[in-house]
Amino acid sequence: MKAYIITGGKRADSGKRVPIAALEEMRTLYERNQADVSEAKSGRTDLIFLIRFRHCCLLRNQRCIVAYLYDRLLRIRALRWEYGSVLPNAIQFHMAAEEVEWFNRYKKSLATYMRSVGGEEGLDLTQDIKPPKSLYIEVRCLRDYGEFEIDDGTTVLLKKNSQHFLPRWKCEQLIRQGVLEHILS
Amino acid sequence: MAAAGGEEPDSDDGSEELVLTPLQLIRSLEQAWLNEKFAPELLESKPEIIECVVEQLDHMEANLKRAKKGDLKVSVHRMEIERIRYVLSSYLRCRLVKIEKFFPHVLEKEKSRARGEPSILSPEEFAFAKEYMANTETYLKNVALKHMPPNLQKIALLKSVPKPNLDSFVFLRVLKRQENILVEPETDEQREYTIDLEEGSQHLIRYKTIAPLVASGAVQLI
Numbered sequence: 001m002k003a004y005i006i007t008g009g010k011r012a013d014s015g016k017r018v019p020i021a022a023l024e025e026m027r028t029l030y031e032r033n034q035a036d037v038s039e040a041k042s043g044r045t046d047l048i049f050l051i052r053f054r055h056c057c058l059l060r061n062q063r064c065i066v067a068y069l070y071d072r073l074l075r076i077r078a079l080r081w082e083y084g085s086v087l088p089n090a091i092q093f094h095m096a097a098e099e100v101e102w103f104n105r106y107k108k109s110l111a112t113y114m115r116s117v118g119g120e121e122g123l124d125l126t127q128d129i130k131p132p133k134s135l136y137i138e139v140r141c142l143r144d145y146g147e148f149e150i151d152d153g154t155t156v157l158l159k160k161n162s163q164h165f166l167p168r169w170k171c172e173q174l175i176r177q178g179v180l181e182h183i184l185s
Numbered sequence: 001m002a003a004a005g006g007e008e009p010d011s012d013d014g015s016e017e018l019v020l021t022p023l024q025l026i027r028s029l030e031q032a033w034l035n036e037k038f039a040p041e042l043l044e045s046k047p048e049i050i051e052c053v054v055e056q057l058d059h060m061e062a063n064l065k066r067a068k069k070g071d072l073k074v075s076v077h078r079m080e081i082e083r084i085r086y087v088l089s090s091y092l093r094c095r096l097v098k099i100e101k102f103f104p105h106v107l108e109k110e111k112s113r114a115r116g117e118p119s120i121l122s123p124e125e126f127a128f129a130k131e132y133m134a135n136t137e138t139y140l141k142n143v144a145l146k147h148m149p150p151n152l153q154k155i156a157l158l159k160s161v162p163k164p165n166l167d168s169f170v171f172l173r174v175l176k177r178q179e180n181i182l183v184e185p186e187t188d189e190q191r192e193y194t195i196d197l198e199e200g201s202q203h204l205i206r207y208k209t210i211a212p213l214v215a216s217g218a219v220q221l222i
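Respectively, the protein sequence lines represent chains A and B. Last residue of the first sequence: 185 (full-length UniProt numbering), numbering continuous. Last residue of the second sequence: 222 (full-length UniProt numbering), numbering continuous.
Hints listed in this document are in silico derivations from the structure and should not be mistaken for laboratory results. Note that the Cβ used here is the ideal one computed from N, Cα and C, for glycine as well. Among the clues, some could well be false.
[Said to hold, decoys possible] Simulated restraints on C-beta separations: (1) B:Q31 x A:S116: 19 to 25 Å; (2) A:T112 x B:Q24: 51 to 57 Å; (3) A:I183 x B:G116: 52 to 58 Å.
[Unchecked claim] Computed, partial: chain A to chain B, Cβ under 8 Å: (4) P132; (5) L157; (6) L158; (7) S162; (8) L174.
[Said to hold, decoys possible] Below, a sample of chain B positions facing chain A; criterion: calculated Cβ distance under 10 Å: (9) L23; (10) Q24; (11) E82; (12) L96; (13) L107; (14) S119; (15) I120; (16) E125; (17) Y139; (18) A144; (19) M148; (20) I155; (21) L158; (22) F171.
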């Protein structure tokens with residue numbers, strides 16, 4: 001069980017393989033305990049230690065399983081803040097159906113909250129992660145994106161490898177999505 | 001509270017309207033932001049500051065739209081807008097992180113709050129916290145707990161989720177002089193003693209003792 005938690009990397013194995021072995025073990029332990037409890041009630045008090053010990057194992061298993069699952073949820077939550085509302089397919093492939101559902105509910109909850117702050121349009125809290133250093137930044141386009149409109153109405157054609165000097169706040173989203181790359185000279 | 005130069009929201013408790021200059025408003029925002037960043041627990045929510053700052057930002061954006069293009073002031077004002085928006089976002093993000101980290105405790109504290117006490121959660125944050133808790137509980141139940149033996153199908157979240165560590169040390173600067181602040185002993189050989197906090201002095205002290213001072217604005221966490 002510990003192995004699951006320690007090796008749980010960024011894209012841990014699919015949640016479908018959720019500690020089935022651990023759950024099986026819990027079921028066996030519990031059944032044995034049930035049997036012994038009835039025996040203990042009818043006089044065999046020497047079994048009580050064994051029952052308690054099994055119960056401790058059961059509690060530990062429960063804790064480990066829940067810790068593992070919650071850790072995965074925290075990583076999934078981090079994905080919303082890093083990648084945005086739409087997860088790349090490669091990552092979704094590693095998520096169990098219930099995890100995808102949790103993600104969808106979380107992002108809906110977050111969206112409702114963000115809309116409620118900040119006036120008419122809400123305030124996107126996933127932007128402005130770093131303090132602004134300058135108004136405009138040099139960016140290089142990493143792949144073809146098409147036309148991109150800036151505030152004063154002019155449009156820019158984002159073609160692969162083209163470089164532009166654009167307002168920082170407009171680019172943040174595209175930089176995170178991997179369309180643009182901030183050039184630090 | 002109202003910010004000069006913006007619309008004036010009505011205050012429902014009939015108290016005097018404090019008119020803050022934009023400078024004072026931003027300073028309050030920065031104070032709240034720093035306090036929230038360095039405090040180990042979730043602090044009181046400050047809906048008035050947030051509302052006023054948002055209004056201020058909208059106001060500045062509207063001004064910018066009307067301004068002539070190429071005016072030098074435009075760049076400076078836009079930079080200012082960016083900076084304020086960053087501080088506001090960072091403040092709200094910091095609160096969300098704490099809400100998610102300590103969700104059962106935060107909800108419990110809010111539920112058991114006495115009527116006169118100030119709230120640590122805005123209504124929207126409260127809704128968010130409740131949804132987060134329900135979402136997580138449902139997930140754990142469906143994926144694991146319902147497959148477990150009958151006597152283990154519940155998890156006491158209040159016990160399992162760690163509480164904020166109120167004994168952690170924080171740096172602070174004293175804004176208003178305080179007397180007789182109790183300092184608790186670290187080891188058995190030491191005894192507790194009291195100190196006076198002089199205005200302008202800076203200290204490194206355990207959060208628990210000075211928590212009420214942060215709430216009242218007598219000290220600023222740095």
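Hint check:
no.	hint	verdict
1	B:Q31 x A:S116: 19 to 25 Å	23 Å, holds
2	A:T112 x B:Q24: 51 to 57 Å	31 Å, violated
3	A:I183 x B:G116: 52 to 58 Å	55 Å, holds
4	P132	4 Å, holds
5	L157	22 Å, violated
6	L158	22 Å, violated
7	S162	24 Å, violated
8	L174	17 Å, violated
9	L23	19 Å, violated
10	Q24	21 Å, violated
11	E82	4 Å, holds
12	L96	7 Å, holds
13	L107	14 Å, violated
14	S119	16 Å, violated
15	I120	16 Å, violated
16	E125	7 Å, holds
17	Y139	5 Å, holds
18	A144	5 Å, holds
19	M148	6 Å, holds
20	I155	6 Å, holds
21	L158	14 Å, violated
22	F171	20 Å, violated
When held up to the earlier numbered hints, the structure conflicts with 2, 5, 6, 7, 8, 9, 10, 13, 14, 15, 21 and 22 and fits the remainder.
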